[in-house]
Structures are given as structure tokens and as C-alpha cells.
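J.: The residues making up each chain are set out below.
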Amino acid sequence: MFRQTEIINQPSTIPPSKEEGEYLTINVGPQHPATHGVLHLVITLSGETIINIEPHLGYIHRSIEKMCESLSYRQFIYVTSRMDYLSSHINNHACALVVEKGLQVEVPQRAQYIRVIMDELTRIASHSLWWGAMAMDLGAFTPFFHAFREREAINEIMEETCGARLTMNYMVPGGVMVDLHPNFQQKTKALIQAYYNRLDEWDELVTGNIIFQNRMKGVGMLSAENAISYGCTGPVARGSGVSCDVRKIYPYEIYNQLQFDEILETGCDSLARYNVRLKEIRQSLKIVEQLIDNIPEGEFQAKTKAVLKLPKGEFYQRVETARGELGVYIVSEGGTTPYRIKFRSPGFSNLSALNHMVKGSKIGDLIAAMGTLDLVIPDIDR
Amino acid sequence: MSASVIIFYIIAAFILVTAILSVTTVKIFRSAIWLLFSLIGVAALYFWMNVPFIASVQIIVYVGGIVVLIIFSIFLTQKAGDAMPKPVRSRAIWSALAVIFGIAFTCNIIKQYKFIEPGNKNFDVHINDIGIQMLSTTDYGFVLPFEVVSILLLAAMVGCIVIAMKNKTEQK
Amino acid sequence: MTNEELKIKLTELNPAATFEEGGEWLNLFIDAADLLSFTKTIKENSELYFDYLFCLTCVDWKTHLTMVYHFSSTKHRHNIVVKVKLDRTNPEIETLSFLWRTAEFHEREVYELFGVKFLNHPDLRRLILTDDFEGWPLRKDFEDPINMIKL
Amino acid sequence: MISLEKIATLIDGWLHQHFNDVITLLIECVLVGVGAIALFALLGLGLVWMERKVAALMQIRMGPNRVGPKGIFQTSADTLKLIMKEGLTPDGADKLLFNLAPVLVIIVAMLILAPIAFAKNFQIWDINIGVLYVSAVSSMSVIGILMAGWSSGNKYALLGAMRSGAQIVSYELSAGISVLTIVVLTGSLQISEIVQSQQTGWWIFKGHIPAIIAFVIFIIAATAETNRAPFDLAEAESELTAGFHTEYSGMKFALFFLAEYINIFIVCAIGATLFLGGWMPLHIGNVQAFNHAMDYIPSSIWFLGKTLFLIFVIMWFRWTFPRLRVDQLLNLEWKYLLPISLVNLLVMTVIAILGWHL
Chain U
23 MFRQTEIINQ
33 PSTIPPSKEE
43 GEYLTINVGP
53 QHPATHGVLH
63 LVITLSGETI
73 INIEPHLGYI
83 HRSIEKMCES
93 LSYRQFIYVT
103 SRMDYLSSHI
113 NNHACALVVE
123 KGLQVEVPQR
133 AQYIRVIMDE
143 LTRIASHSLW
153 WGAMAMDLGA
163 FTPFFHAFRE
173 REAINEIMEE
183 TCGARLTMNY
193 MVPGGVMVDL
203 HPNFQQKTKA
213 LIQAYYNRLD
223 EWDELVTGNI
233 IFQNRMKGVG
243 MLSAENAISY
253 GCTGPVARGS
263 GVSCDVRKIY
273 PYEIYNQLQF
283 DEILETGCDS
293 LARYNVRLKE
303 IRQSLKIVEQ
313 LIDNIPEGEF
323 QAKTKAVLKL
333 PKGEFYQRVE
343 TARGELGVYI
353 VSEGGTTPYR
363 IKFRSPGFSN
373 LSALNHMVKG
383 SKIGDLIAAM
393 GTLDLVIPDI
403 DR
Chain E
56 MSASVIIFYI
66 IAAFILVTAI
76 LSVTTVKIFR
86 SAIWLLFSLI
96 GVAALYFWMN
106 VPFIASVQII
116 VYVGGIVVLI
126 IFSIFLTQKA
136 GDAMPKPVRS
146 RAIWSALAVI
156 FGIAFTCNII
166 KQYKFIEPGN
176 KNFDVHINDI
186 GIQMLSTTDY
196 GFVLPFEVVS
206 ILLLAAMVGC
216 IVIAMKNKTE
226 QK
Chain V
14 MTNEELKIKL
24 TELNPAATFE
34 EGGEWLNLFI
44 DAADLLSFTK
54 TIKENSELYF
64 DYLFCLTCVD
74 WKTHLTMVYH
84 FSSTKHRHNI
94 VVKVKLDRTN
104 PEIETLSFLW
114 RTAEFHEREV
124 YELFGVKFLN
134 HPDLRRLILT
144 DDFEGWPLRK
154 DFEDPINMIK
164 L
Chain P
3 MISLEKIATL
13 IDGWLHQHFN
23 DVITLLIECV
33 LVGVGAIALF
43 ALLGLGLVWM
53 ERKVAALMQI
63 RMGPNRVGPK
73 GIFQTSADTL
83 KLIMKEGLTP
93 DGADKLLFNL
103 APVLVIIVAM
113 LILAPIAFAK
123 NFQIWDINIG
133 VLYVSAVSSM
143 SVIGILMAGW
153 SSGNKYALLG
163 AMRSGAQIVS
173 YELSAGISVL
183 TIVVLTGSLQ
193 ISEIVQSQQT
203 GWWIFKGHIP
213 AIIAFVIFII
223 AATAETNRAP
233 FDLAEAESEL
243 TAGFHTEYSG
253 MKFALFFLAE
263 YINIFIVCAI
273 GATLFLGGWM
283 PLHIGNVQAF
293 NHAMDYIPSS
303 IWFLGKTLFL
313 IFVIMWFRWT
323 FPRLRVDQLL
333 NLEWKYLLPI
343 SLVNLLVMTV
353 IAILGWHL
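Protein chains in written order, with my numbering: chain U, 23 to 404; chain E, 56 to 227; chain V, 14 to 164; chain P, 3 to 360.
Note that these hints are calculated values from the structure, not bench results.
Being a predicted model, the structure only gives us computed values, none of them experimental.
The beta-carbon is built from N, C-alpha and C at its ideal position, and this holds for glycine as well.
Any given hint might turn out to be false.
[As the list claims (entries may be wrong)] Covered, in the sense of this in silico footprint (three residues per stretch, anywhere, with C-beta under 8 Å from a C-beta of chain U), are these stretches of chain P:
#1 120-129
#2 232-245
#3 321-335
Make the full structure from the sequences, and use the hints.
T.: Given below as C-alpha cells:
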């Protein structure tokens, strides 16, 4: 079934061994519809009640951190698109920012605007996909198709400008790779209008449904203290009332000039996390609305050397992805490749809280709670 | 032999075979399933006798109720799929004796009973009559046994709840 | 608090700490033996209140390993980087998983990629790699001729 | 005008002319069996196609549209694929019961078909306890699911079977009681008599508010008994991958799939018979012209139309609602539906005794 594990200390998270038959152990994953990827959870059950959850990771571990050690500062950004593939723009953005921080390059205004617009569109697409998948986890299929219709529009916009739909690799140190497509502004404006209407429709279809609310209320409780202690970020922490939006607290690019709210909910449960994400879509739309008409003319890329060399030292950059705080930590020895690179991925920390969140509840609650964590497995495994 | 008699023998053979299988199989879950088929066979026999009401009640009570209960309790016990250990020899001897005694006893009673040809008496009981009979308080009315059976079922239900509650407190 | 204020405050708490200049945030080196008590203090001190361990990793310097802890405060919004030098042959350090729950997973990751043993860790097992995997992949001297990672 | 009743009497008469009674009976049995199987196949193919089209309608897409006009042969192609597939049996399974379970489920579904009145005077077996027979036989279908779940030797399947068992046994209560409210009104368990009693108006219209309540409860309980969303916990694919039929493949899986659709058809047919007047055409008071026009539509069309309408409602549920949790499911039954239907039955009894429904 699953691998024998090397136990150094007697783990406290495993319940005291009882007679066989008292507990049922089931494997959710690595191939399971609710894990949305190759996540493997070993669940100990008593009846339908969850006693313990133990994640087994690494089914798609590609050792990106080690690969990056032999890639140049221009190259390693492309690998990061494959981490959290649903917010690939934002991953690229983080890497571009950390290299720019090391080189002390001034990014042109136009590039900054484009980057922020792209980030927010990515966030909208990611949250839309999550919304559909979340509803499907709870047994409602129709929202999934509705979500994909909207996401498709964003993907088309991305395809025109970036040449790719999922792993964009659009942001490079110093700016963006190519200029915007002529259709970009007009199409994005049409998209925003459509989205506002769709969001109302989504609320009618899912949010207001009594079954849905009962499934989400009081499920997967995560208090503010525990959210901080488990290192949760993004909508997961904000659903517990922890203010942690990097765009507000440690603003990068032009975020400090923009009008938007950090969404905080105090419900601490799955419903709160759900509401945070849906409201965040509206905030992102607001940001794009502010920027789309005011993109300044000028260069889209700063002049940089062909071969980048970061000075000796350590550089850390955090950005807010759709899932939470992504940190890129680069240790440079002054060469053309990083000496050590570490990605602090939001999914990894969020997943660690799962056991705490669902212990003692039913299997159905596990699905509802895991859905609101919005796990992307390559982001966790790296 | 008319078609009706042939059907009777088929049903009877079905009941007997499944009954024997249910006591000889070594897997407890299979045993329950054979018992289920045996009970369905009995219901079929009632249908054959043209008393569909009794047949339906047989299915509802035994198949839908009791066998499901048995299956549930098998699920909740351990290792339902493993073969059961062979019974001890002394127990086998005693049960064989009991079976022989039972057969002899039944044969004896059947022998003493004088069977009367039913003739062409129409055996079509309307369902309303059954209902009235069931709740009548006059002679040959069944309201007392009916109520007594209800109390028995109620007692069984209370017992089930008590057992379930006890398990729960033990877990805590 | 600014980096300068933090430096004064932290020197008070741990006079043995050495500071590294440069970088965005305050970097300080402490002894492995002090780690648990020091981090407990900076977490509970109301002026510092570093309640959020947002990054935990390790760097292989070929002569020694360095554990790197990034702390942040959700109340005061200041950050520090705490570093601990470890022996390369037998790296051992106290776990922080009882102070910050997130450390449990991050330490398991560091354990299997760098071979750092975390004392008193509740469940120190491999998280990502197979259990019969040999070697510590993120160390600089790791060579795997079959699955080449270096390009 | 050709009606199903006439065809049936025609065949019966022709057989009696040419053969003796026993052979006629045998041939008729075979004919009925073949007819039932053909109906099964047609219903399975048709309802699956309908489900896909309904789903597509709700999900802003086309649905099947390549195989045949409007994709009506898509399900036939899928069935062909399932037949060609290898029927795997897991190593840890109890092989006999594993193979028996889908057959049992199908047989039970087939048995319930007997007392249903498809058209005026067109019934396989007009048993005098029709409704009781249906609820008795349908209680056997849970055994098939329990057998499938247990014999697969799979923990997901076992959990699914346990859920399904608890669910069907509970919801049978309120389904039975809501059926009883109509039985109280008609004073008969016989399906033909129940349909006949609605000649002056369907029970949903003339049975006062309790009949409407009973109808709503019946639809909810029927959805739950057929393991359809939002009550599809037995096969909840995001929790238990596929529940009790996780290990089934090929034709054995197809049998479960078919049985699900047959069961939907049957519960909807029962609902249509009890509450919507079965094959009775819609009549409005004394508007003779309208009533005659309605009478002109064949009774089988009326029956099928009502049944398909109810099937559409159940499909509509599936494609809009999220799934309930297992404890919420049982709470809904034991804390809400059962007490409401008990009180409803009491009110209905009072109405029937006082004769307000006439």
C-alpha cells in the first residue's frame, strides 16, 4: 500500500496503537478525485470520524531548488512557473523582483503596471478555478463548468500577450519579456464587466445554497493563533482574521499606490475562507480596473547586462500569490548562478495545518476543509 | 404433474439448498447472504400460495429488516471475510443429535396431522379483511397479539439504543 | 522597531550573538545550544513578539551547515534572520516545532534534504523522498549519476 | 386508435386460439420477460442520454452530439465499449458475491416493474397489495449494494456500502409514510384502484395541503433512496472515489449504472401514479372540450410524460445541489422528514375520515 516509514522518534501525531479493527486506515490519494493532484493522505478513521491525517508528499518532487543552483539568474525563473502553475505569473514576478533587488535595477513604470495587471488576472483565474473545484468537491458539478468558462477568457488574453496559457514565463529581470498585445486593454475591460455579472450569478448558484452553507459552516476550524503558528498565509489565514496580505504590509511594485482592501473574515471556518476568496476576486477586478486605462507609455524592460551576476549576499523577496505568501530566498556567492535558493511555498505551510483542522470531524468535512486550502501539489512538492 | 407443482418443487429445492449452504459455508458474510436467499424463497412460497400480503410482510420484516441488521452487525465485527474455525467435534456431535431430534419431532407431528384436501375453495382474502381482523377486539380478533408484538419490537429498539449508547461512553 | 533598535534589544537578550552586516533585515548568529531559549524569548517578549516563523531552511557552506530562520511579527511588522552554524558531520539542533507548529514540516524537509537531526522533534521522518533514499540531496557534495540534476 | 391495452388483448387472444393454456402462459411469461428487458435497455440508454443532455443544458455546453442525430446513439456506443471491457475482479474480493451483487440489483429492479401501470389496463401483474409489494421488494435493493461493497474487499467500497445501507433504510420510512397518506385517501393498496380513484382529479390537486407535503417528502426520499445527488453519499466521488462500485468495471459496472436509472424510473413512476394520477389525463372540472382533447392523448403518453417530468426534476437536483454530509443526511431524515410525514399522515387520516377530500 504505502511505503514503510523510518521512525526515529515515536511520533506523537500517530494515535496510540489499539487493537486492529478499532481503527480503519484508508489512503486518500495519490490518485483521488479530491486531492487535485498526487497528494497522498493516510487517514486513520474510527467509523467515519477522522482520528489522524498524515500527508505523504513527493510524488512530483523535482528538486527545483537543486536545479536552480545550476541555472543562471535569467534561466531559473522559467522553472518556477512549474511550481504553483495556477499563479505562474506571480511566481515569476517574485523571482524577477529578487534578482532586481540584488542588481538594484529600476523597473520602468510601464513594466510595473503590466506586471501588477498580470498578477491580478492570474489571481482571478486561480480563484475562479478554485471556486469550481471547491463546488465539485462538495458534489456540485455545474459550477466547475461555469468557472472554466470565465477562466478561459483570461487564458485567451494571456495567450495573446504571453504566448502561453498556463506557464507564462512572461516576467524577466528588468521588466516583462514583450510588450502588450494591441487587443489587451479592450479585451480585459470586457472581461471585467462580464466578471462582475458572473460573480453575482455564482453567489446565487452556490454561496446562498443552504446545503452548501451547512457543509461549510463550522468545518475545518483554524483559530488565528494556530493560523500564525502553522505559518498559514493567504486566504487561509485571512479567513481566520489574520492580516497577512503582503501587497498591503510589505508592498512591492505599485501596490502602495492602489486602492483595494485586504479581505478579513473572522469565521475561522471553511465558509470564511470561501468568502475571502470570492471577495478577493472583486478586489482584484477593482485593481485591474484602476490600472487598465492608465498604463503609461515607455519602455517595458530596463536595460540589463546579458549575463547577470548578483553581488555576494542574501536576498529575500515575498509576494502574495493566489494561495498566500511566496518567499524566494537567494544566497549568492557573486557568481552567475545562485549558491542556494529556497522557495517558501504557501501550500506547504497551509497543508501542515490540515491535520489540526479536521481531526475529529467526518470524511466529508475533510474534503470541505481541504478544498478551502486550495492546494496545488507541485507548489508543495517543488 | 401440473406447472404449479413443478414450481412448488423448484421453490422448495431453492429454500433447502440455500438453507443448507447458509449453515455449511465457512464465511460468515456468505452465510448471511444464503440465509437471505432462503428467506426470499419462503416469500416466493407465500406468493405461490396466493397470499401476497404475507409474502410482502415476510420480505419487509425478514429481508429488509432482519437480514440487513445481521449484515450490519457482521460489518461491525472483525474479520468478516475470513473463514471461521472448524467447530469442535463434541459440538458437532451435539448439534447433529439436535438436528435428528428435530427432524423426528417434526415428522411425528406431521404424521399425526390429518391433511384435508382444500378442494376448490377460493382462497382470495381481501386486504381490507386482514386489516379489520388485525384490529378487531371481538372473538378471533388479533388486536392483542398485534399490540404485544409492537411492545416486543419497542423493547428490542430500546435495547438497541442502550447498547449503542454504552459503546459510545466506553469510547470516551 | 527598526533594525538598529532591534540590534540593541537583541544584544541585551543574548550578548553572545554576533551580527552580520548588509542585507535587508537584521542577521544574527547564535549558538545552537541557545536556540530554543532565545527563540522562546523573542516570541514571548511583547516588544519583539516574533510570532511568525515564515521561512526555515538550511545552507550548506561545504565546511559547515547554517540553519536559517526567518522571523516576523504580525503585530510590529519587523523581521529578523536568525542563523545557527552546525557541524557538518553530525548536525544536531533542537526543534522549534513546539513554539511554531509550522516548523514541524519545514524541519522534516530540512532533515531529509540536508540530514540535520532535530532533537525532540515529534515525528522526524522522511516527507518527500523514498525511505530507502541515500544521501542528502541539497548538500553540495551530493552526486546522483542516474537522476542528473545539474545541467 | 391503437393502445397498449388493445395490443395486449390481441396477442392474448391469438395465443389462446392456437395453443393450450399452459403453453400460452409460458409464452406470455417469456414475452413479458423479453419486454421488460427491452424496456430496461431502452430506459437505460434513453435516460443516460437524457441525463447528459440535461447536465449539458445546465452547464452551458452541448452534451453528446456526434454519434447519431443529437448524439442519441452515444449511450449505445458507450454500452458497447463497456461490454468489450475486461470485467476485473480484485484479488481480495469474495468472487461469488462480487459477481452476484450487480445481478441481484438488476433482478430487484426488474421485480418492482411488475405492478406498475404503464397505460390504461396495461399492467404486468395487478397485485392487490401493489404499493406494499413495491416498498417490500425495493427494500431488497440495499442488500445488493451491501454485498457489492463488502465483497469488493475495498475500504472505500465498504464505507460506501455502510453509508448507503444507513441511508436507504432510513429514507424508506418517510417514503413509505408519504405513500401511506395516499393509501389512506384511496383506501386501497392496489395500483389500478389508486389510479382509478384519481379520475375526478389528481391527488396532488384535490388531496389538500397534506398531499402536497407528502409529494415533496416523497420526491426527497425517492432521490435519497436511489442514491442520487444531493444524497449520493454512497458513491460520493470526491470522498470515496466511487463508493460501493469502486472495484467494478466493464459490464458489471454497467449493470449498477443501469439499475440506478431503472430505479429512478420506478420511483418516478410510483410518484406519478400516486400523486399525479398515473395514466389519467388532466381534466379541469366540467370544461368538456378541454377534457375531450386531453382524453385524445393516449394514456401511455400521459404516464410517460408525468414520469419523465419527475425524472427531469430529480436530474435537475443532481446538477444544481452540492452533496450533504453523512450526519446531515441522517439528521434531515430523522429530525425533519420523519416527524413531518408522521404528523402529515395523521392530518390526512383525519381528512379521510371526515370525508373532506371527496
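J.: Would you say the stretch 232-245 of chain P counts as covered by chain U, given the rule of at least 3 residues with C-beta under 8 Å?
T.: holds (count 9)
J.: Has the stretch 321-335 of chain P got at least three residues whose CB is nearer than 8 Å to a CB belonging to chain U?
T.: Three-residue rule met by the stretch 321-335 of chain P, so holds; n is 10.
J.: Are at least 3 residues of the stretch 120-129 of chain P within less than 8 Å of chain U when you compare beta carbons?
T.: violated (count 0)
In terms of the numbered hints stated before, the structure departs from hint 1 and from no other.
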